[in-house]
Amino acid sequence: MQRQLRFLLAAIPFGALSVAVPFVNHVEPRILGLPFLLAWIAFWVIVTPGFLWMLGRVEGHW
Amino acid sequence: MNASIALGVIAVIVLGTVTFAIASVRRFTMTPQEYIVGGRGFGAVFLWVLLAGEIYTSFTFLGAAGWTYTFGAPAFYIMAYGTCGYIFYYFLFPWIWRMGKEHGLLTLPDLIQVRYQSRALSTIVSIIAVLALVPYVTLQLSALQIFLTVAGHGAIDPVLGACVAFLLIIAFVFVTGLRGTAWASIIKDALVIGALLFVGLAIPLQFFGSPATLFDQVLRAHPERLVLGTLTSPKGSLWYVSTVLLTGLGFFSGPQSIAAIFSAKDENVLRRNAMFLPVYQLIMLLIFFAGFSALLIVPGLKGAAADQSFLAVVSRYYPAWVLGFVTGTGALCALVPSTALLLSSASVVAKNIAGDLFGIGLDEQGRLRITRLMVVVIGLLSLGLWLVYRTSLVNLLLLTYNGISQFMPAYLFGAFWKRVTTAGIAAGIVVGIVLAVTLAATGNAPFGLNPGFIGLVTNVIVVVVVSLVAQPAQALSPEPVRD
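Taken in order, these protein sequences are the chains called A and B.
Each residue of the first sequence is one higher than the one before, starting from 4 at the first, in this note's numbering.
Each residue of the second sequence is one higher than the one before, starting from 154 at the first, in this note's numbering.
There could be a bad hint or two in this list.
Simulated pairs of lysine to aspartate or glutamate, DMTMM-like, Cα-Cα distance not exceeding 25 Å [stated by the list, open to error]: (1) 571/B - 62/A; (2) 254/B - 419/B; (3) 455/B - 255/B; (4) 254/B - 62/A; (5) 418/B - 31/A; (6) 418/B - 517/B; (7) 571/B - 369/B; (8) 571/B - 255/B; (9) 571/B - 310/B.
Bear in mind the hints are in silico, worked out from the structure with no lab data behind them.
Only chain A is shown next, with the shape it has when bound in the complex:
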């Protein structure tokens, strides 16, 4: 259970920034003026520290 959770916490942002990108390769809808593709990438970059923080919590490092 903990193993799966750790895997997911890493795999979700990693996948969103890599293999998921061909599926979000659009200009519309624009987010805050940015093309959707760029906004998607920026969003996942912003939330990645949150995922890694949770990962560190689950592993008991902080």
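Chain A is fixed; fit chain B onto it per the hints.
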């Protein structure tokens, strides 16, 4: 007149930073341990500064904007791959660091030697590691040359600029060392943020009103630039995915990154850095804005000239001191990482080739002397590459990643798979490199995939197959990973 103001500002910025770095490192005696891995005592903040200093280079500054200018959306990979790299290496940092600490390692081939117990393998890795970093140094040199040439308003021709750049880089390495690099990068990062806010925010605001209207106009003039091409087209979606995977998985696999990992004080310092460094990637948004702005304001730059795109805007529309500030900041972005790159590859030659293989320079003084000599030799190789092969900055970076990413399986399997064999790792690295280099040199990209990625996947398959077929020669894992 304009040229002397701009060049004067560059000189002040560079000399000021060097003075600050020298003053800060004077307190430490320069043993190889101190020179190469900073005495293994860097805390979270200092390591963050060092990593930000060596990861966010003049490539970030010029190359990414140049690619945005030329291709548009394919440049977005640059924001994504570092973040993927931090996530992946979160799991590998502790193992690499612990090996370094327990065995007193200094370099990447040291790590390979301890884990796989093969002088032949660690020698191959040393040679590939040094050769792979040459284009990365060339990239910094090439960028520094661009900054000098643009600031000189044509008074400095490119070849002279490159030679001056080479001398500056060598001088910078000699006087600073790794700890000096970290101190210098504090100033560098502060200036970078200022310069990027200017080129990435002030320019779009002044010319277009807001980033949103900037994108409206890009959309009208070049609708195809804001998305990736079809799945298998050149620089299409599959190219994006394979490039992010290649460069993300290889993000910390180079000798300069291994040295940085060894310089950390403990494991959590590394985990914290993996968590916080993605925030830095957001700066790339400003670079994309700058690149798209330049595309609309100064259209028509081709090939390697596109790397100068936003500098062309600054030099045409702003006063000379602004150009000096931007190019001076850029110069630091080339100098600071060059130090880490040259030091780590030179120390690989001094320790793993001259010392371990030929028994030369075994005492501290001897090793320091060879390291310094190799800094000059590798610098000259980079200058040579620049003279014979002018290409865009992104191409130079991808060339480096084709090489260093092939070491990743050695860490991944080394940490997590007891069954892995030395023969498997050696075969994987050789096959991966040969395939990546052959595909890249012949311009072959099946399905639009990045050639280095095809090399890496083949590398992993070869490691697994060879390891399963051959019996492990001896118990190799000195330290299994704790969970």
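We went through each hint and held it up to the structure:
| no. | hint | verdict |
| --- | --- | --- |
| 1 | 571/B - 62/A | holds, 22 Å |
| 2 | 254/B - 419/B | holds, 9 Å |
| 3 | 455/B - 255/B | violated, 51 Å |
| 4 | 254/B - 62/A | holds, 22 Å |
| 5 | 418/B - 31/A | violated, 46 Å |
| 6 | 418/B - 517/B | holds, 23 Å |
| 7 | 571/B - 369/B | violated, 54 Å |
| 8 | 571/B - 255/B | holds, 19 Å |
| 9 | 571/B - 310/B | violated, 55 Å |
Of the numbered hints given earlier, the model fails hints 3, 5, 7, 9; all others are met.
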